[in-house]
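There are 2 protein chains.
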Amino acid sequence: MSEDKLPSRSEDYNDWYNSLVIRADLADYGPARGTMIVKPYGWTLWENIQQALDRRFKSTGHVNAGFPMLIPKSFIDRETSHVEGFSPELAVVTVGGGKQLEEPLVVRPTSETIIGHTYAKWIKSYRDLPLLVNLWNSVVRWELRTKLFLRTLEFWWQEGHTAHATYEEAQEETRQMLDVYLDFARNEAAVPAFFGRKSDSERFPGADLTYSMEAMMGDKKALQAATSHNLGQNFARAFDIQYLDQNNEMQYCWTTSWGLSTRFIGAMIMTHGDDQGLILPPRLAPHQVVIVPIYKNHDEKALVMEVVERISRLLESSGLRLKIDNREGLTPGFKFNDWEMRGVPLRVEIGPRDVANESVGLARRDIPGRDGKSFVPQEGIGPVVEEILAKIQLELLERATAFRDANTHQPRDYAHFKEIVADGFAFTGWCGGEECETSIKNDTKATNRCMPFEQPKDVGLCIYCGRAAVEQVYFARAY
Amino acid sequence: MSEDKLPSRSEDYNDWYNSLVIRADLADYGPARGTMIVKPYGWTLWENIQQALDRRFKSTGHVNAGFPMLIPKSFIDRETSHVEGFSPELAVVTVGGGKQLEEPLVVRPTSETIIGHTYAKWIKSYRDLPLLVNLWNSVVRWELRTKLFLRTLEFWWQEGHTAHATYEEAQEETRQMLDVYLDFARNEAAVPAFFGRKSDSERFPGADLTYSMEAMMGDKKALQAATSHNLGQNFARAFDIQYLDQNNEMQYCWTTSWGLSTRFIGAMIMTHGDDQGLILPPRLAPHQVVIVPIYKNHDEKALVMEVVERISRLLESSGLRLKIDNREGLTPGFKFNDWEMRGVPLRVEIGPRDVANESVGLARRDIPGRDGKSFVPQEGIGPVVEEILAKIQLELLERATAFRDANTHQPRDYAHFKEIVADGFAFTGWCGGEECETSIKNDTKATNRCMPFEQPKDVGLCIYCGRAAVEQVYFARAY
Numbered sequence: 001m002s003e004d005k006l007p008s009r010s011e012d013y014n015d016w017y018n019s020l021v022i023r024a025d026l027a028d029y030g031p032a033r034g035t036m037i038v039k040p041y042g043w044t045l046w047e048n049i050q051q052a053l054d055r056r057f058k059s060t061g062h063v064n065a066g067f068p069m070l071i072p073k074s075f076i077d078r079e080t081s082h083v084e085g086f087s088p089e090l091a092v093v094t095v096g097g098g099k100q101l102e103e104p105l106v107v108r109p110t111s112e113t114i115i116g117h118t119y120a121k122w123i124k125s126y127r128d129l130p131l132l133v134n135l136w137n138s139v140v141r142w143e144l145r146t147k148l149f150l151r152t153l154e155f156w157w158q159e160g161h162t163a164h165a166t167y168e169e170a171q172e173e174t175r176q177m178l179d180v181y182l183d184f185a186r187n188e189a190a191v192p193a194f195f196g197r198k199s200d201s202e203r204f205p206g207a208d209l210t211y212s213m214e215a216m217m218g219d220k221k222a223l224q225a226a227t228s229h230n231l232g233q234n235f236a237r238a239f240d241i242q243y244l245d246q247n248n249e250m251q252y253c254w255t256t257s258w259g260l261s262t263r264f265i266g267a268m269i270m271t272h273g274d275d276q277g278l279i280l281p282p283r284l285a286p287h288q289v290v291i292v293p294i295y296k297n298h299d300e301k302a303l304v305m306e307v308v309e310r311i312s313r314l315l316e317s318s319g320l321r322l323k324i325d326n327r328e329g330l331t332p333g334f335k336f337n338d339w340e341m342r343g344v345p346l347r348v349e350i351g352p353r354d355v356a357n358e359s360v361g362l363a364r365r366d367i368p369g370r371d372g373k374s375f376v377p378q379e380g381i382g383p384v385v386e387e388i389l390a391k392i393q394l395e396l397l398e399r400a401t402a403f404r405d406a407n408t409h410q411p412r413d414y415a416h417f418k419e420i421v422a423d424g425f426a427f428t429g430w431c432g433g434e435e436c437e438t439s440i441k442n443d444t445k446a447t448n449r450c451m452p453f454e455q456p457k458d459v460g461l462c463i464y465c466g467r468a469a470v471e472q473v474y475f476a477r478a479y
Numbered sequence: 001m002s003e004d005k006l007p008s009r010s011e012d013y014n015d016w017y018n019s020l021v022i023r024a025d026l027a028d029y030g031p032a033r034g035t036m037i038v039k040p041y042g043w044t045l046w047e048n049i050q051q052a053l054d055r056r057f058k059s060t061g062h063v064n065a066g067f068p069m070l071i072p073k074s075f076i077d078r079e080t081s082h083v084e085g086f087s088p089e090l091a092v093v094t095v096g097g098g099k100q101l102e103e104p105l106v107v108r109p110t111s112e113t114i115i116g117h118t119y120a121k122w123i124k125s126y127r128d129l130p131l132l133v134n135l136w137n138s139v140v141r142w143e144l145r146t147k148l149f150l151r152t153l154e155f156w157w158q159e160g161h162t163a164h165a166t167y168e169e170a171q172e173e174t175r176q177m178l179d180v181y182l183d184f185a186r187n188e189a190a191v192p193a194f195f196g197r198k199s200d201s202e203r204f205p206g207a208d209l210t211y212s213m214e215a216m217m218g219d220k221k222a223l224q225a226a227t228s229h230n231l232g233q234n235f236a237r238a239f240d241i242q243y244l245d246q247n248n249e250m251q252y253c254w255t256t257s258w259g260l261s262t263r264f265i266g267a268m269i270m271t272h273g274d275d276q277g278l279i280l281p282p283r284l285a286p287h288q289v290v291i292v293p294i295y296k297n298h299d300e301k302a303l304v305m306e307v308v309e310r311i312s313r314l315l316e317s318s319g320l321r322l323k324i325d326n327r328e329g330l331t332p333g334f335k336f337n338d339w340e341m342r343g344v345p346l347r348v349e350i351g352p353r354d355v356a357n358e359s360v361g362l363a364r365r366d367i368p369g370r371d372g373k374s375f376v377p378q379e380g381i382g383p384v385v386e387e388i389l390a391k392i393q394l395e396l397l398e399r400a401t402a403f404r405d406a407n408t409h410q411p412r413d414y415a416h417f418k419e420i421v422a423d424g425f426a427f428t429g430w431c432g433g434e435e436c437e438t439s440i441k442n443d444t445k446a447t448n449r450c451m452p453f454e455q456p457k458d459v460g461l462c463i464y465c466g467r468a469a470v471e472q473v474y475f476a477r478a479y
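As they're listed, the protein sequences go chains A and B. Residue 117 in our numbering sits at position 117 of the first sequence, and the numbers go up by one each step. Residue 79 in our numbering sits at position 79 of the second sequence, and the numbers go up by one each step.
A hint or two may mislead.
One copy or two, either will do: identical chains are not told apart, so a pair holds if it fits within one copy or between any two.
Stated by the list, open to error - Below, in silico cross-link-like pairs of lysine to aspartate or glutamate (EDC-like), each with a Cα-Cα straight-line distance of 20 Å or less:
(1) K121 to D240
(2) K58 to E47
(3) K296 to E306
(4) K124 to E328
(5) K124 to D25
(6) K335 to D325
(7) K441 to D423
(8) K124 to D28
(9) K221 to D443
(10) K220 to D274
(11) K58 to E316
(12) K99 to E84
(13) K99 to E143
(14) K73 to E84
(15) K323 to D128
(16) K335 to E309
(17) K121 to D25
(18) K99 to D77
(19) K335 to D128
(20) K296 to D325
Since the hints were made in silico from the structure, they are not lab data.
Pulled out of the complex, with its shape left as it was, chain A reads as follows (with noise of 0.2 Å):
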C-alpha cells in the first residue's frame, strides 16, 4: 500500500506516473509481454467512462453489437493503407484445436476489415442507412515499448462504425463524433484538449481524413485522447458495400469509424495527478467521497461510528457513490494518504470533536494542505458535499486550462520554436510539405498534433523552410 511518498513528479516524469498507476491500484502488469490487468479500481473508473460515453452514444442514434475477435488474415490486407499500417503489429492464430489452420486467424487489431465484409452483406437498400454502430471490447497490437495504460498490446476500447449514403452524411457524423469526445472530456473528465485534422502522415491507415483531439499532459507532451475518422469510399471499395439508392442505382457507402480507449485513463492520470497520486474528476471517481472515523479507544468509535453511519445515509440518499474506510489497524493519517493516492475528490473526516460539534472536516483532493479544509454542520451536509464537488469538478478543468494555455506558444521563428517544444506547445503555421513535418520532428521530437478547423484568416510563414503557410498547426512531443 502506499506508506512510501510516490516519485516526484518534477524530477522523474515517467517513473512517477508508473509508480502512480501501481500504487492507486489502477493496473498491473499481464504475465505475457506487454499485457494489462485493469484492477477492480481502475476498471471501475473504465466502467465509469464507458457509461458517460455510451450514454452520448445512444442519444446520438448509435446501438452497441458484439463482432468476432478472430479475423481471417486475408481482410487485413484488402484496403492497401490499411494493411500497410497494421501487418508489423498482428496477433496471428495459426493453430486451432490442435490443428495448423489453413488460413491464419489475426486477434483484431481494430475492426475496420470484418466490419466492411458484414456491412455489405447487411446492406442492401438505401433504407439500411445509416448505420450506427457501436462495439465495446479489446484489440491487441503487438507493440514493442509498452506502459500501463497508454500503450500495452492489448487495450480496451469502444469502436464506432457507421456507413451513409452520401459523402456529406459520413463527414457530418466524423465531426459529430469528435464533438462528443470532446464534450465527454471536458465536462465528464476535466480534460480539455485542442482538436483538429490529422496531417497526411499522421492519418489513420485506411482513413481519408482523421480527427483527433490531443491534450497537454502534466510534462506539456501531447496525448491524443480520441479519433475520429472519415473512411470515405476506400472500405466500401475493397469490401463491396454498395446500396441501392432511391434511383434503383447501385452506389458504394461511406463509411466512418472513431474510437476512444483505457488510454483516456492515462491521459486523466496525467492531466490532474500531483506528488500525492492520482486526482479524480468527481463525475467520475469511483468513489466520490471517503470518510474517514477517527477515534483512539472503543468508546469513542461507538461515538463516531454512529456519526458516520447517519452521514454516509445522507450522503448515498443523495446518490453520491461513498466509500466508508473502517479498515482496522491503520491510523488515520494512513487512510488519508491511501485516499490521497488514489484521488477520492472529497474526504470527511470525522473525530469526537466534530461529534461534539455537530460538524464534520471536509478536505479537497485538489487543494492539499490548510487551504482545501473546512469543517461544515452535519445537518444539511448533502447539498454542501455536492457543491464542493461541483466546484472540484469545475476547477480541475480550469487549472488544466490554464496550464494548457500558459504552455502553448507562437514562436517567432524556428529558434524559438524548438526552445517551445522542449517544453510545452508551439501554434504556428506549416507549408503543409511532409519535408518540413519530417525534418521538425528529427530536430526536436515534436510531431504535427492536429490542425485546427477555425484559422486565422492570416496563416504566417511556415515555420521551418519560411513559405507561405497553408495552415496553422499544434506542434508538440507526444506520447
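Starting from the structure of chain A, add chain B where the hints point.
Frame of chain A; chain B shown alone:
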C-alpha cells in the same frame, strides 16, 4: 425481413431455431468458421442480461476487473484436470509482430490460470481475503460443431473468480452464486431451472465440485444455463496462491469460479419461442412495447400520429422501453409479424377508430390471436400497460414451469426410463457408478444433468443396475 413463415417448431426444431435467430435479427455468422456476430437487437438483449446480473454481483460484494485475453500456453498445463479439459480446444497465437514467438500464447478459453498467477501476487495475508472479482469478456474454444448462441468458437460471458481463507467460505460462495443465477433466470428471464451438483464425469476440469442450473427447452432437451464451481485448493496449489493467516502461518487459498454466457440467450429463445418467433420476457426485452400506427391516408396519419406521440410520452414517463414503428411503405400486418418475430411482449395499435374512441388496441405476444387482444382507454394507459407487462412476465414463468413439470417423470423401470428421456426429463435413482452413467448415455443419449441438493429420504434403486441408489438425478438429452 420476416415475410415468410418460420419453419414449424414442432416439425423441425433445429431449423426453427436457426431461422428464428437470423430472422429475429439477433445474430449472424462471422467470417471465421464457427464465430458469431451478435447484432444490435441481440446485443441489447445481452446488455439487459448483463445489467440484471451485474446488479446482483455488486450487491453480493463483487467488483469487476479486466484481464488479458492472451495467456502463456504453459499456464494451461499447470493444473492436471484443467489441461486435459481445455488443451484440445485452444486457439494458439504463434506469431506476433511478424515474428515467431518463443512461447506461444493461447486466447483464453477461461481465465482460472491467469487469475491463479495474478492472485498469487495480489494476496499476501488474510486481510486481502475474500477477493471477489468478476470479468465481463469473451473467450475462445475451438468447437467443431457450432450453433449460434449455443456453441460458438468465441462467446461472451462473465466469469467470476473468488479466493477465500476457508473451505466453508468458498463453499458458501459457490452456492450463493448458483442462487444468484437461479434468481436471475427465474425473475428476469422467466426461465425455471432444475439445479444441483454435477457428477464427477460432468464436472468442470479443475473443480472439486460443480453446481449447475439445467433448463428444459421447448423440445424437452436440457440446456446447462450457468455453472458455479468450488475449485478447492487445486488452482491455489498449482499457482501457489497462499496467504499468511492470523497465526502468521502460510495457508493455501480456496477458490471458486462461476459463469453465465450468451448461451443463455439460446435458453430464452428455446424456453419461450413459438411458431411466430421469439417471445421475450418484459424485464429483459430491448423493447417492452411497440406502437404500430395504422392509417390509410395523410389526414388519418396526422390524427393517428398525434395520439401515438402522446401515448409514447406517457409510456416513456413510466420508464418503459418503447419503440414506435413509423416505417413508411410497410403494411400494419407486415409490422405486426415483424415485431412478433422479434418477440416484443406487447403491441399497441392505434388507428383512426382508436383516435375516435380515445382508446388503443393491445396485443399480447404470449397469447396469439383474439384471446391476447384488448382495447383500453388512452387515459391512464401507463399503469395498465405496466400491469399487463408484469402479468406477461409472471405467466411466461408459470407456463415454462408447467411445461417443465409436465415433461419430467419418475420412471418405473429402465424401459420406462428410455421412453421418458426420448421426450422429457427423468428423475430417478443412481448408484453413483460411472459405468451406469456411460451405459445410459450410450443407450439413450441422456446424460446426468444434476443432482438436487434436497433429496428424498428414500432414493430407491439405480435405474440402470438396480443396486441401491446413492442419489436421485435428473437425466435428459442435452444441448
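Status of the hints after comparison with the structure:
no. : hint         : in the structure
1   : K121 to D240 : within (9 Å within a copy, 50 Å between copies)
2   : K58 to E47   : both (16 Å within a copy, 13 Å between copies)
3   : K296 to E306 : within (15 Å within a copy, 68 Å between copies)
4   : K124 to E328 : between (64 Å within a copy, 17 Å between copies)
5   : K124 to D25  : between (49 Å within a copy, 15 Å between copies)
6   : K335 to D325 : within (8 Å within a copy, 55 Å between copies)
7   : K441 to D423 : within (15 Å within a copy, 73 Å between copies)
8   : K124 to D28  : between (46 Å within a copy, 16 Å between copies)
9   : K221 to D443 : within (16 Å within a copy, 71 Å between copies)
10  : K220 to D274 : within (14 Å within a copy, 62 Å between copies)
11  : K58 to E316  : between (27 Å within a copy, 16 Å between copies)
12  : K99 to E84   : between (29 Å within a copy, 16 Å between copies)
13  : K99 to E143  : between (27 Å within a copy, 12 Å between copies)
14  : K73 to E84   : within (13 Å within a copy, 29 Å between copies)
15  : K323 to D128 : between (47 Å within a copy, 17 Å between copies)
16  : K335 to E309 : within (18 Å within a copy, 54 Å between copies)
17  : K121 to D25  : between (44 Å within a copy, 13 Å between copies)
18  : K99 to D77   : between (24 Å within a copy, 18 Å between copies)
19  : K335 to D128 : between (56 Å within a copy, 16 Å between copies)
20  : K296 to D325 : within (15 Å within a copy, 65 Å between copies)
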